[in-house]
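S.K.: Going down the list, the protein sequences come from chains W and U. Read in this note's numbering, the first sequence has 291 at position 181, and its numbers run on one by one without any break. Read in this note's numbering, the second sequence has 163 at position 53, and its numbers run on one by one without any break.
Worth flagging that the hints you see were computed from the coordinates, not collected in a lab. Since the structure is predicted, the reported quantities are computational estimates derived from the model, not experimental observations. Heads up, some of the hints might be wrong.
Repeated chains share a single entry, so a pair holds when one copy, or any two copies, can fit it.
As the list claims (entries may be wrong) - Using 27 Å as the maximum straight-line C-alpha spacing, the simulated BS3-like pairs for lysine-lysine come out as follows:
(1) Lys396 to Lys423
(2) Lys503 to Lys197
(3) Lys448 to Lys507
(4) Lys180 to Lys419
(5) Lys348 to Lys507
(6) Lys503 to Lys180
(7) Lys195 to Lys503
(8) Lys423 to Lys195
(9) Lys156 to Lys243
Residue strings, one per chain:
Protein chains: 2
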Amino acid sequence: MMNSLRGNVLYGQSGGPTAVINASAFGLIQEALKHHDLIPEIYAMKYGIKGALNGDLICINDQDDADLVKLPSTPGAAFGSVRYKLKDFAVDDTDFCHLLAVLIQYNIRFFFLNGGNDSMDTCDKIDRYLKQKGYRCQVIGIPKTIDNDLPVTDHSPGYGSAAKYIANTMMEIVCDTISYPKSKVAIVEIMGRHTGWLTASSHIATHNGSGPDLIYLPEISFDFEQFLADVKRIYTEKNRCVIAVSEGVSDCEGHFLGLSSRARDDFGHAMLGGVAHTLADLVSAKLGYETRPMELGLVQRCASHLQSKVDLKEAMLVGKVALRRALAGDSGVMICIKREQNRPYKSSYFTHPFADIANGETKIPRTMINASGNGLNDSFLDYVLPLVQGEVKPKYKDGVVGFCHIK
Amino acid sequence: MMNSLRGNVLYGQSGGPTAVINASAFGLIQEALKHHDLIPEIYAMKYGIKGALNGDLICINDQDDADLVKLPSTPGAAFGSVRYKLKDFAVDDTDFCHLLAVLIQYNIRFFFLNGGNDSMDTCDKIDRYLKQKGYRCQVIGIPKTIDNDLPVTDHSPGYGSAAKYIANTMMEIVCDTISYPKSKVAIVEIMGRHTGWLTASSHIATHNGSGPDLIYLPEISFDFEQFLADVKRIYTEKNRCVIAVSEGVSDCEGHFLGLSSRARDDFGHAMLGGVAHTLADLVSAKLGYETRPMELGLVQRCASHLQSKVDLKEAMLVGKVALRRALAGDSGVMICIKREQNRPYKSSYFTHPFADIANGETKIPRTMINASGNGLNDSFLDYVLPLVQGEVKPKYKDGVVGFCHIK
């Protein structure tokens, strides 16, 4: 049922980038441009919610089409992002007052935030505040996270591409490592604070015959003795041992193995890092093997040169669907993905209220992890394989993927 | 002039892998298979020269064609590699006696080693030894190095793909880094002990509008004061600063900035690492900026998912040309690439004696580096751009690039 609301769009990006976050922006923009009668202007927040609070908006209608078409292959957050947590407006409504003034000034009636759990918390607060103030504005969340930890949705855009990058990179690291007669114990640290979805995706490489021998996830409490026994057994048997480990693995008391002294990020989360080095020191001290600790690093979340086609398509579609749902009168909800079937893979879209999503976190179910807790099983493969299918052929200029420069 | 030598081929891989070393193997094998009358059997050394010394050979004729065709997209050294330096045979000929016995046993008359400077030193010794012993065997070197430091040849197979990977990855890291309003000073450590060709390739990203602001190479003695002044100026001006630095940069006294305590590799080279962290600590202490040090890591040398088409083609051709030159009676030489023209890019192949190559090292000429010594200029772009052109579409299975398993 189409409501009669007419006004402008405000779209923002939040939290860490993914390889396809700008594809969601592109999907939303393309759809909004089709409804020029209802949406005269499309704005993007410069540096996420901070831009919305400061009235620092980018007018999409002023951008060159030749630039906008490059959005789907552009890494990073093309409009800028931020990690900024809104206070409870019952306690301090300063930010909310600023935001409302900007929404009124630009006649924003359709508000979108493209992010993860924290962003959905922001959306939830804004939606409730605007309703309380009687300002009509449809607030819709567009899912985005490499971590794949958003609840309710089957998976999140950004995960499939990160998983594809990690699977290929691990395959390459393993092929490289086993090139030598006496290979070092390679320990690869992969992103993921509380959930192991990213690290688990390295199992795709194992399934294809060249992946890690052992995979350690935050979902399974880390057992040092068992770890050393695993490494010794594999190394003795195969003369190699490649380990994938989540940055967020923790011991039986819940202490992070890789907790650094760098304290906390702007959302208040502990900053992790160094678990590969911690484990390398352990292997070296207790087993005497040579080790090669490494971190996959930033590129995991922004490898636009290796997007999953399925992920790219879904990222564009969640943007498109978000715009349509807003026009249809929805507010206070995030777009979720439903897996309809696996062979061939088909998905559909539905909406769900922010509150459940903001406060939830989906971990890898125990049923997808092997009995020993040091690897994945076929149930995980059934889940992940459809999401990494298909390759995208981005346009290159001078050997580099073409990306979009927002004015 | 075709000589009348008839016998078997022995091919080996040496040193660190590249994204296209197996393409050279493929080129050589394809060509050798065409000459079955002269070459009844094709062997590969298992784990490089060590396999040749131990008689541990892989028979290529026994491999499945379906596997062999995947060689060009296979990362790592598909037949195994090793870092092993042969002694001077005038002092100790033990290894050489073993090798000669294996060559006689398998009737090897065409001997190829695919590697860098150290491998050409090995080839040189073997060629001279065999000539002294009167054993007729054509010894040919096939160039391979991501470092691009081999003299005489215009460039080396492996460099173009590594450069393409680094350029794209740096573009992605920069897009990611500038996604935030207040970005950290990102310091990216790139491989390269004595030459900065790999680090320099990040300038392709800068040229395309999203690359490092500052590039530090081993060719230029590192000046700490100038570095801090550069970082401060850029950060003040742009509110960002992305730095690419070679692992092998050294100060005015020639001391490596990133010298680790891990001593030496099997060739006796100092093991480097940590220069990004050294510089990050410096920036943090002296300028008070937040930093993000990172290492590009292993994937630089094995990213088969992002090969340069030009590099892949040349890698196959050096293998093919090596076989032809051996059949034509050449020995004691490496195949070199001559750049015939840049627009459109054309190259040809010639041979050059090992001795000059084994003991030489090509650094980036000062004329390709900017006046301040903290970046590259258009002369470098003219050199590098042709080498990173074109994309390859490898076949994927379950989201992962198909690679070859040698039996």
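S.K.: Evaluate each hint against the coordinates.
M.R.: Now for the hints, and whether the structure bears them out:
1. Taking CA atoms no more than 27 Å apart as the test, Lys396 paired with Lys423 passes in neither setting, with 47 Å inside one copy and 46 Å between copies.
2. In this assembly of identical chains, Lys503 and Lys197 lie within 27 Å of each other by CA distance neither inside one copy nor across copies; the values are 43 Å within and 49 Å between.
3. Within a single copy, Lys448 and Lys507 get their C-alpha atoms only as close as 37 Å, which misses the 27 Å cut-off; across copies the closest is 25 Å, which meets it.
4. Taking the closest pair of Cα atoms, Lys180 and Lys419 come within 27 Å of each other both inside a single copy (15 Å) and across two copies (22 Å).
5. Proximity of Lys348 and Lys507 under a CA criterion of 27 Å is satisfied inter-copy only: 25 Å between copies versus 43 Å inside one chain copy.
6. Taking CA atoms no more than 27 Å apart as the test, Lys503 paired with Lys180 passes in both settings, with 12 Å inside one copy and 20 Å between copies.
7. In the homo-oligomer, the alpha carbons of Lys195 and Lys503 never lie at most 27 Å apart, since the shortest distance is 37 Å inside one protomer and 43 Å across protomers.
8. Taking identical chains as interchangeable, the C-alpha atoms of Lys423 and Lys195 are never at most 27 Å apart, the minima being 30 Å within one chain and 51 Å between chains.
9. In the homo-oligomer, the alpha carbons of Lys156 and Lys243 lie at most 27 Å apart inside one protomer (25 Å), although the nearest pairing across protomers, at 74 Å, exceeds that limit.
Of the numbered hints given earlier, the model fails hints 1, 2, 7, 8; all others are met.
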